[in-house]
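S.K.: Here are the chains, one letter per residue:
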Amino acid sequence: MIALLRAGAALLVVYSYLVGLWLHQHGADPQPLAGIREWLNRPLRAGEDFGPFALMVLLLCTGWTTAAARATGRDLLRTALPVLVAAPLAAAALAAGLDVWTYSPGAGLVPLAWVIGLQLVAALVGLDRRGWPVPAAVLCWIVLLVAFDVDGLGKPALFLTMVLVGHVARRVADGVLPGWAGLTLGVGCFAAVALLDRTVDGLHQWWYPVAATYAVLVFLAAVAVPAPDWPVTTWLADRAEWLLVLSGVVGFAVLGLLHLRVPLSAAILCAVAATGLAADAGHRLTRRLTRRTA
Amino acid sequence: MRTGYLHGLDWLRVVASAAVVYAHTRDWFTYGHQTWWVNGVLDTAVLDPLRVGSLMAPLAVTTFFLISGLVVTYAAQKESPGRFLARRMVRLVPALWVVLLAVWLVTRLGLDAGARGEHAGDVSTLLTNMALLNFATGSPGLDLVTWTLVVQVPFYFLVAATIPAMRRWPWLPPALMLTLLSVLMSVVRNEDAPGAHTLRVVVTLLPIMVLGQVIALTRLGKLPVPAGIAYGALAWLLVVRGDLTSDFTPAVPGYPQMVVCIALLTIICSRLTGGVVGARWVKALADRTYAVFLLHVPVLYLTPHLLSTTAGTTLAFAVAMLGTAVTADLLYRFVEKPTVRWYRGWENRGQKSAERARDDLAGRVEAAR
Amino acid sequence: MRGVAPGLAHVLLAAIAVGAVVVWGTGADPAREQEQVTLPDPDPRLPVVATLSIVRPPGTLVLDTTKRQLGAPLDAVMSEREADALDRRGAVQVKAQIARGAGFSRGVWQIAIRDGADRSGALRAADRLYAAGGWELVRYPVAGVLVRKLTPRDGQPLAAYRAHYLYGPYLIRIEAYGPDPVRVDRDFGDLAARQLAESPPGLP
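Going down the list, the sequences are from chains A, B and C. Going by this note's numbering, the first residue of the first sequence is number 1, and it counts up by one from there. Going by this note's numbering, the first residue of the second sequence is number 1, and it counts up by one from there. Going by this note's numbering, the first residue of the third sequence is number 1, and it counts up by one from there.
Check before you lean on any hint, since a few could be wrong.
Only part of the chain B face toward chain C is listed, based on derived beta-carbon distances under 8 Å [to be verified]:
#1 Leu50
#2 Ser54
#3 Val183
#4 Phe248
#5 Pro253
Read the hints as simulated data drawn from the structure, not as lab findings. Just so it is clear, CB atoms sit at the ideal spot from N, CA and C, and this is done for glycine as well.
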């Protein structure tokens with residue numbers, strides 16, 4: 001089921017940060033996007049076209065899987081590689097005058113790189129065999145962040161709690177952590193989400209606690225259910241991080257090039273396909289490099 | 001087929017019961033022009049960050065409807081249509097009538113027990129309330145929380161009517177119900193008349209009970225998981241459609257959000273067993289949630305008068321909570337439980353003990369009305 | 001054959017549901033179309049469209065009509081004269097919070113004006129009601145805000161403020177009243193500053 005969750009999250013990431021965000025940045029709100037926002041996003045109070053929800057599901061899955069395995073150098077390389085490739089690619093695309101999603105030229109070339117950073121942190125959290133000291137320490141760190149008004153780390157800290165929840169859930173499922181301890185840590189994570197939402201500038205309007213609630217509930221409802229391994233599920237799950245970082249580089253560049261030349265829907269399809277191909281190439285690169293370092 | 005008592009749902013029922021008492025108590029403090037420090041603390045620490053401050057009522061109602069839809073579907077697997085309906089009515093009606101009669105008598109004595117409307121003390125008011133017809137005619141309401149029964153009772157009739165089909169084609173009852181509700185939603189557009197408004201409320205919220213039914217059928221293995229997800233999504237979309245196309249129903253926002261959260265919680269909690277989940281005190285509390293639901297508003301509004309104080313004072317609050325607990329326990333012990341026991345005894349008259357055991361199993365899986 | 005009958009049944013049921021939509025619509029009441037109030041939606045990627053643009057006044061809430069989707073009808077929270085005057089100018093619903101403490105009251109009202117109605121007319125009508133009641137017009141440093149003041153006199157012991165301005169589709173009212181003019185001045189000033197910082201006059 002982890003593969004299915006990751007695959008679904010990957011699709012939603014592409015939908016949110018390539019299709020939804022690009023259209024929003026270019027002042028477009030066409031159907032069916034407007035219909036989906038009216039009938040799904042707004043009733044559910046899920047913002048940014050389900051992007052944060054998808055990122056949270058990915059991080060929950062990461063917390064769950066890293067709790068079960070001690071990360072090696074090869075695993076860390078595999079995790080970091082998408083950003084190491086996407087950043088220079090984004091810089092080159094910007095230099096070539098292509099449309100790329102960045103926060104600003106020269107600062108934040110890959111806006112979702114912090115998610116990859118959190119996955120590296122997850123590998124460290126996974127080293128905690130007992131299940132509770134590291135999550136408890138991270139929660140204390142979050143309180144300190146708030147106390148010292150460190151706004152810049154607020155959003156990553158909020159999403160980091162999802163790694164902790166995934167980690168704790170796995171420890172409880174494996175019998176390492178008693179249920180009451182897991183519940184206490186889970187409640188602590190939600191308290192941290194609520195605290196950050198309330199105190200960090202710019203977060204309140206996005207209703208991240210609601211997205212977190214959905215992500216955790218979907219994760220807990222689904223994670224114990226066996227699911228078949230379909231090829232498309234495996235394909236998407238294996239390339240989730242590549243899709244995440246390349247949507248704003250390859251996808252935006254292709255959409256930027258095509259949207260004035262072909263109908264918008266065709267341009268979007270091409271951009272999604274190009275992103276998929278680039279993600280596949282990235283995944284193959286990962287396999288080659290990590291085989292060599294084995 | 002997974003049957004057996006669903007202990008995890010008892011927790012949800014208890015939490016939902018607490019939520020509805022909390023929401024009405026908050027309004028009661030405002031009614032008495034008092035500040036409730038609990039509300040201030042809870043709002044700041046929990047409700048505002050999770051954006052559920054105004055969602056306590058949808059949370060409670062959604063939970064009751066979803067769980068009810070789920071557990072009566074379990075019961076419907078083993079009961080004939082007539083027996084199914086009779087058992088649901090025996091569970092609901094006696095306690096309802098006792099509470100309505102008590103509120104009516106208190107109102108006739110000139111005391112405020114939450115009854116609203118000029119002729120609340122008339123006999124016709126009592127009779128229309130007992131038949132739940134006050135919501136159709138706009139007559140005064142004696143216990144306004146009973147509006148939820150106006151949604152549940154039609155669902156029980158629909159389930160009873162589709163029991164024969166459910167055994168053979170489990171997908172057919174939810175499919176038929178969703179189609180019927182969709183058609184009614186198209187037809188009932190104007191809500192000016194009380195009856196039309198009530199019908200619109202039923203049509204908008206009954207899909208939540210259908211969603212509970214779908215979850216049950218999927219858990220029982222009668223629906224494949226993809227089909228369960230599809231039907232569930234359709235039921236949810238009907239709730240959204242009802243919300244988007246009416247200015248009046250639901251009266252408070254947040255139902256679509258709550259339905260998804262509670263459906264997922266129900267799926268998670270229905271898997272929980274053992275330890276504190278199966279504790280007897282949890283079941284004891286869960287068994288009394290219907291009584292608490294019926295009694296808490298009348299007790300809240302009556303208490304200040306009995307104490308010669310205003311709504312919202314600490315003393316009135318403490319006495320009202322204690323009064324609710326005591327009266328709910330009395331209602332459960334001396335009305336609900338004996339009537340169910342008597343009826344089961346009447347049902348099983350002349351039956352051998354083995355047959356009785358099979359029927360009682362069907363009764364035991366019923367975790368809620 | 002096994003799958004054909006359920007498939008056909010679903011097609012038939014779907015056709016019935018869709019047919020009902022084609023004949024009668026999705027369920028919206030056509031008679032209420034003229035009561036429509038289009039809310040400002042500055043960013044379609046936001047989780048919600050804000051439906052409340054008022055701040056909570058300090059004190060114990062004695063009136064709160066903000067929890068319900070539509071708020072309250074005009075005549076449930078205003079005098080008949082006031083409700084009629086605003087209704088004629090397109091006001092359709094009210095979300096208000098009034099708080100009280102130690103004999104002083106503060107309130108903020110959000111009165112929704114339907115699409116197509118003259119919102120400036122509604123603002124002038126609300127202000128005229130108080131002008132006709134002898135409330136004095138007061139200079140206020142924020143453009144677009146009409147402030148009226150009532151000072152205590154024989155037979156009328158209360159000091160009071162009523163301010164009105166437009167914010168998007170809403171007519172916003174800020175009020176404060178009580179027996180001490182100095183305290184009422186301060187209460188109104190504080191509440192108005194908070195409300196105008198949150199939702200300044202004009203379009204969101």
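S.K.: Against each hint, give a clear statement of whether it holds in the structure.
M.R.: Here is what the structure says about each hint:
Evaluation of the B/Leu50 hint against chain C yields a violated restraint, the C-beta minimum of about 13 Å exceeding 8 Å. Annotation: interface hint on B/Ser54 holds; nearest CB of chain C at approximately 5 Å, less than 8 Å. Because the closest C-beta pair between B/Val183 and chain C is about 4 Å apart, less than 8 Å, the hint holds. At a threshold of 8 Å, the smallest CB-CB gap from B/Phe248 to chain C is about 7 Å, leaving the interface hint in force.
Proximity of B/Pro253 to chain C holds as hinted, the smallest CB-CB distance being about 5 Å (cut-off 8 Å).
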